[in-house]
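There are 4 protein chains.
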Amino acid sequence: MASSAAGPRVLVAGASGYTGALAARLIDRHPHFGLAAVTSRSDVGVRLDDLYPHHRVASVLEELDLDRHAQVEAAIVAYPHGAAAPVVAALRERGVRVVDLSADFRLRDRAVYEAWYGQHGAPELLATGAYGLPELHREAIAGADIVANPGCFPTAALIALAPLARAGLIADVVVDVKTGVSGAGRAASATTHFVSVDGNVTPYKVEGHRHAPEVDQELAALGAPVTSTVVPHLVPVDQGELVSCYVTPAGDLGDLRARYEDAYADEPFVELADAPPGPRDVRDTNVARLFCHHDRRTGKALVFCTVDNLWKGAASQAVQNLNLMFARDEREGLWP
Amino acid sequence: MASSAAGPRVLVAGASGYTGALAARLIDRHPHFGLAAVTSRSDVGVRLDDLYPHHRVASVLEELDLDRHAQVEAAIVAYPHGAAAPVVAALRERGVRVVDLSADFRLRDRAVYEAWYGQHGAPELLATGAYGLPELHREAIAGADIVANPGCFPTAALIALAPLARAGLIADVVVDVKTGVSGAGRAASATTHFVSVDGNVTPYKVEGHRHAPEVDQELAALGAPVTSTVVPHLVPVDQGELVSCYVTPAGDLGDLRARYEDAYADEPFVELADAPPGPRDVRDTNVARLFCHHDRRTGKALVFCTVDNLWKGAASQAVQNLNLMFARDEREGLWP
Amino acid sequence: MASSAAGPRVLVAGASGYTGALAARLIDRHPHFGLAAVTSRSDVGVRLDDLYPHHRVASVLEELDLDRHAQVEAAIVAYPHGAAAPVVAALRERGVRVVDLSADFRLRDRAVYEAWYGQHGAPELLATGAYGLPELHREAIAGADIVANPGCFPTAALIALAPLARAGLIADVVVDVKTGVSGAGRAASATTHFVSVDGNVTPYKVEGHRHAPEVDQELAALGAPVTSTVVPHLVPVDQGELVSCYVTPAGDLGDLRARYEDAYADEPFVELADAPPGPRDVRDTNVARLFCHHDRRTGKALVFCTVDNLWKGAASQAVQNLNLMFARDEREGLWP
Amino acid sequence: MASSAAGPRVLVAGASGYTGALAARLIDRHPHFGLAAVTSRSDVGVRLDDLYPHHRVASVLEELDLDRHAQVEAAIVAYPHGAAAPVVAALRERGVRVVDLSADFRLRDRAVYEAWYGQHGAPELLATGAYGLPELHREAIAGADIVANPGCFPTAALIALAPLARAGLIADVVVDVKTGVSGAGRAASATTHFVSVDGNVTPYKVEGHRHAPEVDQELAALGAPVTSTVVPHLVPVDQGELVSCYVTPAGDLGDLRARYEDAYADEPFVELADAPPGPRDVRDTNVARLFCHHDRRTGKALVFCTVDNLWKGAASQAVQNLNLMFARDEREGLWP
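Chains as they are written, first to last, in the numbering used here: chain B, 186 to 521; chain E, 186 to 521; chain G, 186 to 521; chain V, 186 to 521.
It should be emphasised that the hints constitute simulated quantities derived from the structure, not laboratory data.
Hints may be right or wrong, so weigh each one.
When chains are identical, the list treats them as one kind, so a pair holds in a single copy or across two.
Each computed DMTMM-like pair below joins lysine to aspartate or glutamate, with the alpha-carbon atoms no more than 25 angstroms apart [unchecked claim]:
1. LYS390 - GLU446
2. LYS390 - GLU258
3. LYS390 - ASP440
4. LYS390 - ASP480
5. LYS390 - ASP294
6. LYS390 - GLU248
Chain B with its partners taken away, still in its complex shape:
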């Protein structure tokens, strides 16, 4: 089963997980790209719409066979970190342009990667990947063979903090994340059991979350070398995340609101709201919705940003990246 669009054909590898399945749906409905195949390591032979009726993609999950499946122009790889690197490398070798949803190509510094994730599967390619946050790296993404789709927390946190980082205004930052359960993936566990989550709010990885070095790498590149505090909390929400950023400024914040208006006036997928946002505002969209406040009592800048962790935090951002890589309008297949 493939969609009828006439443009580049796209493989989605690892399509049985939440983000891969959504990527398959978005490609399947895309006016330009066509869905070439969906593969899975765990559910070979299963129809995608049996796993996820609401995506309405009738394709059957296949075992990945590079000889066959690499006959495409592009791929979205939704493997766990570690497992992704070799697949991405093999696809690239065959001339396939890849958006990788894993962490494998996000961190430029191999030592940092290995401190948080363990050994890297294709370290020679670490320098190759563009960091796939279009709002920061539009040009690099357009020309890249490998685009490392950001983590969902960094996506929201960096959109929240970039205007301050660029101005060198971040002396210290606390990022308190509230994340929906789909962020933990499809695997059933005590953590994702309804009875554990319902009526509850639980901090986790308080000793340091893997998304922190990703945030720090990008903030430093923008001009704000800090060690951020990133603490996620699991909330009883299926989809969506909110980051609350508490910034101790390194200088005069000026007109905070104007700074954000300037920064994002032309961004198609960033909204500056008049009131604090929440995940419902952006559910099932590629939108990041922001609110900023300069707290005169404490001098801090408070910035809140919400995204749908499965969309802008993963699958739809991957399609936004593909649009850029193939010189399409960035909004194609994603708007409204």
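Given the coordinates of chain B, assemble chains E, G and V onto it according to the supplied hints.
Coordinates of chains E, G and V only, in the frame set by chain B:
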């Protein structure tokens, strides 16, 4: 760790599941019984309050050792069906009086049991068990060695239907059950994943649920030999269940409300409400809350009953049964 | 603000409620229709995307002014019953074709209407309205000036029951409805307070719901004159509904599954599933998803149907009807 | 209706709200105190168990009549701020010892109070009230006529921060609060509508929450004069709250865990957990559950504390205070 109560000591076998753990807590706080030990097949060596902080029972889960653990007057067994029967039989042989939370001793007819559950582990004892619904079998429970605690759906359905069954007024009945996720147990699965349950309502076992023959056995004993339709639906609720019973009457319903008032005037744990009830009304209690309505348009009797599936539907009803077996006030340790 | 589509322009009157706002969004994005204006009785001057950021419709709510607003080819009216009839009548008089989301034109029999809803505001038009369930009345809808969009429960119940009704196979039916809270509308009340709903399941209108006569009217028209039992239950779900239909058959059910496959093979928005469905499967779509089972133990036919109460149960079905009224492909603006 | 306990009789004024109703229940079941009467400004004549079936308190709500109702030894007043002060003053004048759940007697500095709440109704009594956090002010509470029960956020935040404040170790602190919807009270509003809350997480009062000056007052008194940042977020939870405290230390933190163990070794209602806690761990209890972590990457101390906002955050803490005021064991009626 044991509570300080001076009365009979109670073993809870299978205390790492939801219902066993709650039974342990209720015994631990009981003014008369003492908690002798808690055992588990899966979590030996773990402290119960590490698994369930909110129960605040510090006992360590042990492997069941009959020589040691059967030195008690009573036991609550919270094993899966099939696995329960041999343990119950062994405890009984050693003179321990048992409340069994499994299905193993609920059905009197071995053929019926085996049609729904497979081979029985101690068929010679099938006739021994009292059906542990105090509102129907108070005397039999008081004298029994083995009390088969009812399923959570039959608990609510039978309290809802008994007044009509006794009067021979049930020609046909549909029992539409809405049940919280804890009813599916502690095991993590696709079914109990927060993302599957949230925002959803899913019928299951529509081809026939094991609780149906249990309902039918007891309705027949009361004077209403019917084949009931029992269809459970999983709702995004952690704890609690509601049964909606649609009765086609076999005769004149008379004053329906008065019939229910008469039936339950003296029952300490049955409430007849003035409006349709819901699980919030009975959360963390041993109460069954009822509402009945005679629909003049269709002639049907509609009866709604809600219980907490972990409490009146399981663990607290087990304690109510123990109270009866040891000639205590039925409400002890359970009220308010 | 108006969309750029070149076809008929559509007024949405009563766009500050859940269903009206969604209708405005669907028209705003429709490839053929254009959104002419949005009106409200309660929020004049407010931007729709301030009330509902996730709909991303920037139009400002206006007070209804027929002289100005009736300069359109079509209107969707989302007023409460009683208040809708005069507005619908006035629009029709000015040559506007109307889809009415209220109950005012659903019931053909004035006496039945007035028994359930009180006095009718335009009884002379009662015979005019087509009952807007495309799966039953496609032709009548195409030619009608006034289309009475069905209630959300009847939408699901009738799709579930029509194949049996047409064959005269319904002797009796119980429709147990589980409905999300958006069905109660945007008004804040004790009933819709999060704390009342969370962890709860509550039957309501057990003495008879207004959607019952609507179901009965249509079943009778199909060949099954019954008095159905329709009991809704509020569940902790924001959007979506499931109806569980328990049918006592009036004859031989035959091959139930084949009957449903035949009935719906060509329906673009009806899905026959292989397992019981739930609201998550159809969220934010115009799809009705069905499952049927012939219970050999009881002889009953069990049919489950889920729709999104705001979409197929209201706003997207209104657009489906508009598509038919203006001879467009029924799926336009609604698929996928 | 009154309970049978022989000790001091307690009036609950304002018992139709969430916290007042729970206070009534706790007094009703208390082994020492007796419930004298329940009053309400909005629901006179209503039975409390019609409003709150799960509390099972059959008392009828009366209009407050000081001549009659002040014939008691003690009162719990659950009025909104502003409205509470005159009632508290009047009761005190008649010799009634009062626990006040409002903010009216929490802030010692009238100017601070009036900056956040408006004019004070009994400013001459501001110096009288003891701040009712037993873990900080046990002795003052025991001897006070008026005990100002803390806000729910300060309760958790101060228990989290007191050990660091006493050691002068807080240079700066961010308190990110996640709170359940019952914290917003019983009044129905757009904010508390299920559809607004479900699937959402929303920051509010980001420009400054009234609980911040309360936290600052107490931290200063302990030795840490800071201006804290307190930002609440509404989460889809009915009951419970979690505070995440990010402390920039003013000196060497030393052994953080040992510091907390020392601080709370003898506190009956403070638990130091081995993993981050969540509201489920303390639901329906008077327990505050803590976790602390010294983040070596950033130098910060992270402290998480969860309480049930209706219990330890309000009604059960009021009873804990009453126990102290009447020289009872602090745990009476509250444990387990």
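message = Checking each numbered hint in turn, tell me which of them this model violates, lowest number first.
response = Per hint list: 2, 6 violated.
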